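Listed below, chain by chain, are the residues.
2 protein chains.
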Amino acid sequence: MRPFGDRLHDAVERVGNPCVVGLDPHLAHLPDEYAVARDPSASRAERARAIGDFLCEIIDAAAGKVPAVKPQSAFFEVFGADGVAEFERVVAASKDAGLLVIGDVKRGDIGSTAAAYAQAFLRGIEGQDPRTLCDSITVNPYLGSDSVAPIVDECRATGGGMYVLVRTSNPSSAEFQALSTEGCEGGPALLADRVAGAVERWGQDLVGDSGWSSVGAVVGATHPDELARLRRLMPQTPLLLPGYGAQGAGAADIVGGFGDGLQGALVNSSRGILFAGKNQPEKHWKDAAAGAMDAMAAELRAALL
Amino acid sequence: MRPFGDRLHDAVERVGNPCVVGLDPHLAHLPDEYAVARDPSASRAERARAIGDFLCEIIDAAAGKVPAVKPQSAFFEVFGADGVAEFERVVAASKDAGLLVIGDVKRGDIGSTAAAYAQAFLRGIEGQDPRTLCDSITVNPYLGSDSVAPIVDECRATGGGMYVLVRTSNPSSAEFQALSTEGCEGGPALLADRVAGAVERWGQDLVGDSGWSSVGAVVGATHPDELARLRRLMPQTPLLLPGYGAQGAGAADIVGGFGDGLQGALVNSSRGILFAGKNQPEKHWKDAAAGAMDAMAAELRAALL
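Quick mapping for you: the protein sequence lines, in order, are chains A and B.
Using the numbering used here, read the first sequence as starting at 89 and increasing by one per residue.
Using the numbering used here, read the second sequence as starting at 89 and increasing by one per residue.
Hints were generated in silico from the structure; no laboratory data involved.
On a predicted model such as this, the values are computed, not experimentally measured, just so you know.
Just to be clear, a hint being listed does not mean it is correct.
To be verified - Below, simulated SDA-like cross-link-like pairs (lysine to any residue); rule was C-alpha separation at most 20 Å, straight line:
id, chain 1, residue 1, chain 2, residue 2
1, B, K371, B, P119
2, A, K366, B, S200
3, A, K371, A, D120
4, B, K153, B, K374
5, B, K183, B, R219
6, B, K366, A, S200
Given these sequences and hints, build the entire structure.
Structure representation (structure tokens):
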């Protein structure tokens, strides 16, 4: 398989925008026709299936419009093994639709365990349908280099990718990530900047023909002031920018995260797309979601080109 | 349900030791009778079931001997939905055996997503068999307070518990966790110490009759020099100490993590117990595992009492 960084580059060129549709199926917001997902008298498998069915419609709307989707594991794990079966179905449907899949799993553990997570999401076991595997996953860096290395190795072996949390989009993210740290080469630096430097190193020998690595970084679009600095610290690292839309960031906020044109970053919107129909009762929810994707793509193109 | 901190206190009193058996079913080490778990021609469900069957025997050996078990989610997730079904079976078997279950899932995400993880592991959905829920889970703090708050809330509501990663047992853990940080009240401090202070605060109103909170902290037993300091920074926080046995720490290394007697910390051993039979071919593997639990309990009692 070609390296994730190159596959991502090509997918963005193909569709002409850097949008990611976040598949975060909040139960409370699902359209009424999927109300069984909220029905306490339905079986767990029925409830999970309704979520998968809803997301397969979203994927159908996203096909050809955006380069990638990002299913959020937590909303599937709520339904235990039944939910994980639907996660696998949603991943396979996304791949069938020609979409890259970034599994938002935020795993992070000691080396031997990190290797198991890398296998779970990027390599699979013998005989497993490769359509159920993610193209890339999100990873937590708190445990340091030896917890990330097995996932980097798996990316090298499989053509998979990873996005390491550097500066997240939530309000408390500064609490630890923006602490000023001492005692390293190069003088004081924010913790997030140290992690950024590590991410660029971890991905150094996974830079493909496109000039972009398969090791990426998550930086909240809610921190436009930090985005340009982090981009400079990670010149070959593709960024994943959550926080657009429902979390408050707009098109002007994300420009600093990009390289040339549309390349170098993906911008994620979840609720703003999936539940766009909430505020447009005159439209079918699927048309509203498709319209929200088109609008976001146009906004980002206008800001970037 | 009584608070996790108190239930843990009582369980340690009852069995007379603070040992946790880590349920990390590394495929390569499973006894030959579970070789189907390694068989590429077997179905995924068959392979996952072999792991569950093995761990149910370990749980049977652990019942009454130790207060808790700690299933490692990654080794189940390797088998996707089939593995998660076995995770649920192993959790239920542990509860039936009277063992507390610490789900080693190391989740961490923005607030709304963290709430979904808390539901997945501590609350469940309507009608779910409560035996499939964990008593406590491990949590990654990198995203800060608002990512942890929904899990604290769930602990308050359900009597569940959590262990926040503070200083992990792996060799690279110092890379970020031991950075010296500035710019906060109280002058410079290691990142791990800042996180420790936050953990003690997060758990403050979940301190039960036992004097211990339901919000705990993970501190590697591989850092004996730091253990006593972190214990002082978190006087009411129960610790979970991995790294004993296969990772190199011994009984003398863990003493600083404890409060009075056997209380205040749990010590985890995974491979050293599960695969004790590897070095004792004259014994059945289950007897070897039970013997390793007894030996570890005796070692810790000797060091602590």
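So which of those numbered hints doesn't the model satisfy?
Hint check: nothing fails, all pass.
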